[in-house]
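Residue numbers (UniProt numbering), protein chains in the order written: chain A, 1 to 115; chain B, 1 to 501.
Misleading hints may appear alongside valid ones.
[Claimed, not checked] With beta-carbon atoms standing in for the labels, derived distance ranges:
{"id": "1", "chain 1": "A", "residue 1": "106", "chain 2": "B", "residue 2": "105", "range": "49 to 55 Å"}
{"id": "2", "chain 1": "A", "residue 1": "114", "chain 2": "B", "residue 2": "155", "range": "31 to 37 Å"}
{"id": "3", "chain 1": "A", "residue 1": "44", "chain 2": "B", "residue 2": "292", "range": "50 to 56 Å"}
{"id": "4", "chain 1": "A", "residue 1": "35", "chain 2": "B", "residue 2": "430", "range": "27 to 33 Å"}
[As the list claims (entries may be wrong)] Derived pair list, reagent style DSSO-like, types lysine-lysine, alpha-carbon separation capped at 27 Å:
{"id": "5", "chain 1": "B", "residue 1": "456", "chain 2": "B", "residue 2": "432"}
{"id": "6", "chain 1": "B", "residue 1": "456", "chain 2": "A", "residue 2": "77"}
{"id": "7", "chain 1": "B", "residue 1": "489", "chain 2": "B", "residue 2": "432"}
{"id": "8", "chain 1": "A", "residue 1": "75", "chain 2": "B", "residue 2": "456"}
[What the hints assert, rightly or not] In silico negatives: residues of chain B with every beta carbon more than 10 Å from chain A:
{"id": "9", "residue": "105"}
{"id": "10", "residue": "170"}
{"id": "11", "residue": "345"}
{"id": "12", "residue": "357"}
{"id": "13", "residue": "403"}
{"id": "14", "residue": "411"}
{"id": "15", "residue": "449"}
{"id": "16", "residue": "457"}
Think of the hints as simulated: they come from the structure by calculation, not from any bench. Every residue, glycine too, gets a C-beta built ideally from N, C-alpha and C.
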Amino acid sequence: MHEWIQVENGVGTVGITNHAQEALGDIVYVETPEVGATVTIEDQVGAVESVKAASDIYTPVSGEITSINSILADKPKLINQSAETDGWLYKIKLSDESELEKLLNDAQYKELIGE
Amino acid sequence: MGPFAGWSMPLFYKDLTPLESHIHTRQKCSIFDVSHMLQFQIVGGSRAAFLDSLVVSDVSAIRLNTGKLTLFLNENGGIEDDLIVTSHADSLYVVSNAGCADKDWDHVQKHLAAFVQAGNGHVEAYKVLANSLIAVQGPETARILQKYTNLDLSKMAFMDGVYTETNGVPIHITRSGYTGEDGFEISIPSEEVVSFTESLLENKDVKLAGLAPRDSLRIEAGLCLYGHDIDSTTTPMEAGLSWTDWDHVQKHLAAFVQAGNGHVEAYKVLANSLIAVQGPETARILQKYTNLDLSKMAFMDGVYTETNGVPIHITRSGYTGEDGFEISIPSEEVVSFTESLLENKDVKLAGLAPRDSLRIEAGLCLYGHDIDSTTTPMEAGLSWTVSKDKVLNREAPFVGSDVVKQQLETKGGSRRRVGLVVQGAPAREGAKIFSADGTVEIGIVTSGVPSPSLHKNVAMGYVKKGMNKSGSKVKVSVRNRMQDAEIVKMPFYETKYYKLP
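This is chain B alone, in the form it adopts within the complex (with noise of 0.2 Å):
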């Protein structure tokens, strides 16, 4: 396991090593968990207008059903991260980095409400999030909840906010609400909210709560990002309780706040996992899992549908070079849809090191690494994903737009992404790289890894612009030492994109 944008991610799992792994994903079917990264809907009138505001591709161009990469940028032309965009008939749907996922969401909640106040429309935004999220409210919060954790909670003020645990489960905590009362809100995993919820009631002053009444739910925005409003495609996950609790618990809500008992509520939470499943075999086999033909969908396609009843949002595509799925698919059904998969002979777990060796193949970009927000779309060599119509025939279309505009014209920038294929130790993170001379430092890499499917060192950074010819000698310094190396065109592996018959 190791540490990914906050999250606990398995590198790799026991039964292959990463290198199998890898190998694994190219020849049969591998099942990757990114339930890390940010999810979230965009629905109204006007969205397709709003979210075209923020990024350089064409959102209203997008397709029914199709999903394109886009970028969002700052206002230097910067790129602050990269996603996906799949357009549906009533929303769209889009999936950006974990490690931008707050930024993200800020940027969009930022220009989202100007964009509304502006008078451009009906525009919502909301997450889907993996955790369950509990509010605990009233004055006698504080006393029950001290019982479950060593944090001195008469040091929490008001809006703050840490990570702790109780019994041995990690927790977030903030002292905060929308009730107008001292209380707190817990974020701890969904497989845990039951019986932490449970054990809660078993102090006599705490009641098995419930929603809160309507118009104050109406006034809480926040909580309706995570909730039950809109959401007609994503199954509600109630933290864990099934319909029958939850129908249970709003009505002794309604009794108990009735009856003057004081001010408590719970909220249900939406919570999707998103898994990617890739590799050539892997429409063979999830064909058997639905009634949509597979066969008509294109790379980059993304529909709503089912699985034995299940609502899931699939889209024909991934992080690998190779043909294959993300599924987003509700938390509480993810562990036995795995499971399901994984009765295929050929469908093996897969972890974030192959993970990162099949993307570095592919040649696509790491947020963070090979991108971040210094790197302009010319300069990433991600000009394609820019709408020229956009860019020329339209005043400022969006956040960073001025200096794509005058890039595109004057093919600008210092730098230019390349691929590199180098000689000896494998060039990593960080690598220098020098003229062929190796007497003048012309640029770094910023992924690199011993190909698995090549069996070379392949690795991607950036070089002066004007030095980033394919053929190009260059040397590229690993622990001080001086190693050969040619500038390449990317993909190193050819990538196996689904096209239609």
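Just chain A, same shape as in the assembly (with noise of 0.2 Å):
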């Protein structure tokens, strides 16, 4: 629900909204998905742990993990400073880009979320 994806080429940059990342505070450990693993719409690919709480991350498209955001290791707050930039996830080939037209929009999220 929380998550964006960002498509270039026909790979998206995954990652959680600025409204999640100020929900859950203060990030202190990224558990990302296994890159080569095949994952489907809605799997459980990953979490995202604050002191309040853990959160799950679903991947918003099926496809193939292409690479992590290795900087998360070791600097889980990067999500808290820029989310939706340098704080992204992980990046997935798709296997069906039709499943974008599902997802909302920028505006249609905002509005969603009160903003």
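These two chains come separately, so use the hints to put the complex back together.
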């Protein structure tokens, strides 16, 4: 629900939204998927943990994980600082680009969270 | 905000993140609103003997103006709740968990009745409540009250009770009373009770009511619990009405009833709030608010005193592992007192999130998570609360004492509470604990958090007896990944309880 994806040449970059990082508070641990893993839309592929809570990451699209943001292992707070840019979680080669049509766009998401 | 034991509680306050608030408490001073906890007083000459029959500690041996952590057990030796008892010249002051409030109160009431009936002497128990309670009584009540709620009151039978709202204010109403008339009792936030009462009074059939005749009040023992009978130390809070208002109400009620206008009653309600002010700067700051010499108060000491003319109860205790105080103060004073504390630059408000991470670092149990009615004191590592003198030298001294005695003598029970340091992802409640080779499940995590002070993942949980040795390597499963962990002694973070110089 609170993941974002940006797609370029069939490869999507996935992270959690700024709204999500604000709700979680200080992030202390990030669990990312394995590079090479094949995942299906809405699979639980990782987790973001703060002092307050553990929050599972669900992939917004199906495909193969091509890389992960290795900086997060040592610097999970990067997500607090820039959730929607440098704090991305993983890149995924999409197996079905039509899945993108089911997602909310930026304006729809902002409406959902009341911004 | 988050739900907690039926209350909406602040998880943290906007100006500090949970982590910052946690650290702030370790370094400065934080205020926690813990009014949700059950506070009650036990009075009467046999109060200690009575409470002794329910808890594992020797209440009679608690020194005047000091407190003790103790436990209610069930017949099987399982822990029903943990509570703190402070002994005073004329009373025992008890604080127990919000989540167990009803259960605890039932437990106390049940045993109290039996105790008194058995001729063991005079004991009474009084709750200190946070909400105001008004009783609106008499045959016209339902018709009038119906204007204030969308609830169909005609569908409520005698003794039905529901949570609902009036004009956006959440209330609890029961179709009950102590008058023999139809009527309702309405529990409403104290800050709303005045305007709600004023609004009711706009109906011509409702006279601003007052206290019931003395003799019926005496019969209505239940209400006396919340009332004004005995409490010499807590300011009676007249549901937000001033003393002047209250006198007015009483005068008019008497006249109203005498004039044959029917049966109407109104009740005063006691309401104290409880705040925990925690952290190393606390004593220095609090000293400005009291003539009491705080340096003479040791950890777990408790006294009735006053601040700026307001009667308060303070204990040098808390739930963070830091030095600090818990302050019980009349609800109508708590906001201004808290605001006054917040004028000190080192004082911040703190919510449930840092409260949880702080108490875990200090190795303190949270009832319903780390201990419950299936856990015995021996298993929980709480045998230190048990009075060996009571258990060994007296015949069946308290509920559950048979099991406690047997387990003390045989080091019994099936499991032990342990501390864990976990590599990788933080282990939280429900994570399973396995043997070092990952093949055998040996226990479960009951609380865990990435420790803000220690920068490692700490957790507490239960493992099978015999596998609880400190230094043992184990595995903990987090999201189906086995992670290395080690059993360690608690507290994880050295506690800073105050010792007398």
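- prompt: Would you say the C-beta atoms of residue 114 of chain A and residue 155 of chain B sit inside 31 to 37 Å of each other?
  reply: Holds, at about 36 Å.
query: When you look at the beta carbon of residue 357 of chain B, is every beta carbon of chain A farther off than 10 Å?
result: Non-interface label fails for residue 357 of chain B: nearest chain A Cβ at 5 Å, not farther than 10 Å.
Distance rule for residue 411 of chain B, whose beta carbon must clear each one in chain A by more than 10 Å: 36 Å, holds
Interface exclusion of residue 105 of chain B relative to chain A, criterion Cβ beyond 10 Å: Non-interface label on residue 105 of chain B holds, nearest chain A Cβ at 31 Å vs cutoff 10 Å.
- prompt: Is it correct that the beta-carbon of residue 170 of chain B has no partner in chain A closer than or equal to 10 Å?
  reply: Its Cβ never comes within 10 Å of chain A, the nearest being 22 Å, so this holds.
Range agreement (Cβ of residue 430 of chain B with Cβ of residue 35 of chain A, hint 27 to 33 Å): 29 Å, holds
- prompt: Given the hinted pair residue 75 of chain A and residue 456 of chain B, is their alpha-carbon gap at most 27 Å?
  reply: 14 Å, holds
query: Given the proposed pairing of residue 456 of chain B with residue 77 of chain A, does the C-alpha separation stay at or below 27 Å?
result: Holds: residue 456 of chain B and residue 77 of chain A sit about 15 Å apart, inside 27 Å.
Residue 449 of chain B non-interfacial with respect to chain A [C-beta, more than 10 Å]: At roughly 6 Å from the nearest Cβ of chain A, residue 449 of chain B sits no farther out than 10 Å, so the non-interface label is violated.
field: Assertion that residue 457 of chain B lies farther than 10 Å from chain A (Cβ)
entry: 8 Å, violated
task: For the pair supplied as a hint, residue 456 of chain B and residue 432 of chain B, confirm whether the alpha-carbon distance does not exceed 27 Å.
output: The hint holds at about 19 Å.
task: With 50 to 56 Å as the target window, see if residue 44 of chain A and residue 292 of chain B comply at their CB atoms.
output: 55 Å, holds
Violation of the numbered hints given earlier is confined to hints 12, 15 and 16; the remaining hints are satisfied by the structure.
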